[in-house]
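**Q** Residue strings, one per chain:
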Amino acid sequence: DTGVSQDPRHKITKRGQNVTFRCDPISEHNRLYWYRQTLGQGPEFLTYFQNEAQLEKSRLLSDRFSAERPKGSFSTLEIQRTEQGDSAMYLCASSSGLAGGNEQFFGPGTRLTVL
Amino acid sequence: GNSVTQMEGPVTLSEEAFLTINCTYTATGYPSLFWYVQYPGEGLQLLLKATKADDKGSNKGFEATYRKETTSFHLEKGSVQVSDSAVYFCALSDRSGNTPLVFGKGTRLSVIA
Numbered sequence: 001d002t003g004v005s006q007d008p009r010h011k012i013t014k015r016g017q018n019v020t021f022r023c024d025p026i027s028e029h030n031r032l033y034w035y036r037q038t039l040g041q042g043p044e045f046l047t048y049f050q051n052e053a054q055l056e057k058s059r060l061l062s063d064r065f066s067a068e069r070p071k072g073s074f075s076t077l078e079i080q081r082t083e084q085g086d087s088a089m090y091l092c093a094s095s096s097g098l099a100g101g102n103e104q105f106f107g108p109g110t111r112l113t114v115l
Numbered sequence: 001g002n003s004v005t006q007m008e009g010p011v012t013l014s015e016e017a018f019l020t021i022n023c024t025y026t027a028t029g030y031p032s033l034f035w036y037v038q039y040p041g042e043g044l045q046l047l048l049k050a051t052k053a054d055d056k057g058s059n060k061g062f063e064a065t066y067r068k069e070t071t072s073f074h075l076e077k078g079s080v081q082v083s084d085s086a087v088y089f090c091a092l093s094d095r096s097g098n099t100p101l102v103f104g105k106g107t108r109l110s111v112i113a
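Those protein sequences? They're chains G and P, same order as listed.
Residue 1 is where the first sequence starts when you use the working numbering, and the numbers rise one by one after that.
Residue 1 is where the second sequence starts when you use the working numbering, and the numbers rise one by one after that.
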């Protein structure tokens, strides 16, 4: 078990460009979550999956954001036409989906800077 | 909707001091409650959790008790160490723990020798 991994760890882009982030959850975890964290704030929920099905999207997830989890394994989060306000740390987490106060395991995050 | 309010930092303590970080919540039903910790340069990791009223979560000398009557989940440690310096986040999810977490804003703790 190597934990949740995210790639890249850092991304600098110019306003208007598209970016894509990848998350590899802990193997056999069927739930995968995306959060966004800005400086001095707690993480805010963006979207989550059970296997390949996207179960919920936050109001924070504008139509420029899209997430996929093909085959229920890794997930990608794409931001189109990036804006400076998209600069943040993007966190991925996974959980086994079992009942009972189940723990979400977080990856190291992808820090996005939009110039 | 659900929300978490935790005391604002930063909190600076001397080694071996007693720590309390307050956390209160608003939620429908009976949520599960969590404390996550983020050490410098590291990712979020679960510190402790409680899934029903009066449960006490504990780990690494930290404790928090799920108080339904006061909708609180305060984090405590009797004697902090320099290595406890980190940002602490209170969070909740639904009872199963399998829904997205709602986090507080975090409290930065600095422990000085």
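Read the hints as simulated data drawn from the structure, not as lab findings.
Just so you know, even glycine gets a beta-carbon here, dropped at the ideal spot from N, CA and C.
Wrong hints could be hidden among the right ones.
[What the hints assert, rightly or not] Straight-line distance between alpha carbons at most 20 Å, and here's what the computed SDA-like set of lysine to any residue pairs gives:
#1 P/LYS105 <-> G/GLY97
#2 P/LYS52 <-> G/GLY40
#3 P/LYS52 <-> G/LYS11
#4 P/LYS105 <-> G/LYS11
#5 G/LYS11 <-> P/GLY9
#6 G/LYS57 <-> P/GLU63
#7 P/LYS52 <-> P/GLU63
#8 P/LYS56 <-> P/LYS68
#9 P/LYS52 <-> G/GLU103
#10 P/LYS105 <-> G/PHE105
#11 P/LYS105 <-> G/ALA88
[As the list claims (entries may be wrong)] Quick partial rundown of chain G residues pointing at chain P, CB under 7 Å, derived from the structure:
#12 GLY16
#13 GLN41
#14 TYR48
#15 PHE65
#16 PHE74
#17 ASN102
#18 GLU103
#19 PHE106
#20 PRO108
**Q** What are the numbers of the hints that this structure violates, sorted from low to high?
**A** Per hint list: 1, 2, 3, 4, 5, 6, 12, 15, 16 violated.
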